[in-house]
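> When the sequence shown is numbered by my numbering, its final residue is 177 and no position is left out of the sequence of numbers.
Derived by calculation from the structure, the hints in this document are not laboratory data.
There's no promise every hint is true.
[Stated by the list, open to error] Once the Cα atoms are required to be at most 20 Å apart in a straight line, the calculated SDA-like pairs of lysine to any residue come out as:
{"hint": "1", "residue 1": "K57", "residue 2": "W119"}
{"hint": "2", "residue 1": "K176", "residue 2": "P114"}
{"hint": "3", "residue 1": "K57", "residue 2": "P114"}
{"hint": "4", "residue 1": "K167", "residue 2": "L126"}
{"hint": "5", "residue 1": "K176", "residue 2": "R160"}
{"hint": "6", "residue 1": "K167", "residue 2": "L177"}
{"hint": "7", "residue 1": "K57", "residue 2": "T20"}
{"hint": "8", "residue 1": "K176", "residue 2": "W119"}
{"hint": "9", "residue 1": "K176", "residue 2": "E157"}
{"hint": "10", "residue 1": "K57", "residue 2": "R69"}
{"hint": "11", "residue 1": "K176", "residue 2": "V127"}
{"hint": "12", "residue 1": "K57", "residue 2": "R92"}
{"hint": "13", "residue 1": "K167", "residue 2": "L134"}
{"hint": "14", "residue 1": "K57", "residue 2": "A19"}
{"hint": "15", "residue 1": "K57", "residue 2": "N82"}
{"hint": "16", "residue 1": "K176", "residue 2": "R158"}
{"hint": "17", "residue 1": "K176", "residue 2": "L134"}
This structure is a prediction, so every number in the text was calculated from the model and none was measured.
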Amino acid sequence: MTRVGEDFLLVGRLVGRDATALAALYDRYSGPVYSLAFRIVRDPSTAEEITQDVFLKFWRQPDRFDPARGAFASWLLRSAHNRAIDVIRAQRASNHAADVELALLEVRDESPLPEERAWLREERTLVRDALGQLPENQRTVLELAYFGGFTQWQIAERTREPLGTIKTRTRLALMKL
């Protein structure tokens, strides 16, 4: 089955409130969502909050995704992009009192519950533990790609390794995870 087909099934399960479907989608897409958010906001903690917000919003309103309009991955990354831009706009407008009040209201509306934050924190810990089990060269490639926001070409340039080697390490690491 293709990734798009798997995503479609997972989204269907999530609409039925299946938390394991959310976990599977989070495992699959939290890295790309974080990388995109980080490239826009340039702050790790803000990018992490955006990642959590995007998945939490999807959990709360799974029917917002319409498979007839495109792939889930595209929709999710567009949601992350929009959220990151909203954060940047809110930061730029911080010296206007009315805009600050509006931004704070939006953040309060999307703030996860303490139980949800704990669950997301636990998921992050599991991912980091799994990364810790990988050989160093494979772990480095994944960390640069998913947490650093680098492309495979940029990683090859940065590590002075051939692009083919970087692609192989990425594939092997993802298979081990």
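> Next, verify each hint and record whether it holds.
Outcome of the hint check:
no., hint, result
1, K57 <-> W119, "holds (15 Å)"
2, K176 <-> P114, "violated (32 Å)"
3, K57 <-> P114, "holds (15 Å)"
4, K167 <-> L126, "violated (24 Å)"
5, K176 <-> R160, "violated (24 Å)"
6, K167 <-> L177, "holds (15 Å)"
7, K57 <-> T20, "holds (16 Å)"
8, K176 <-> W119, "violated (23 Å)"
9, K176 <-> E157, "violated (24 Å)"
10, K57 <-> R69, "holds (19 Å)"
11, K176 <-> V127, "holds (12 Å)"
12, K57 <-> R92, "violated (24 Å)"
13, K167 <-> L134, "holds (15 Å)"
14, K57 <-> A19, "holds (14 Å)"
15, K57 <-> N82, "holds (13 Å)"
16, K176 <-> R158, "violated (24 Å)"
17, K176 <-> L134, "holds (8 Å)"
In summary, the numbered hints that this structure violates are 2, 4, 5, 8, 9, 12, 16.
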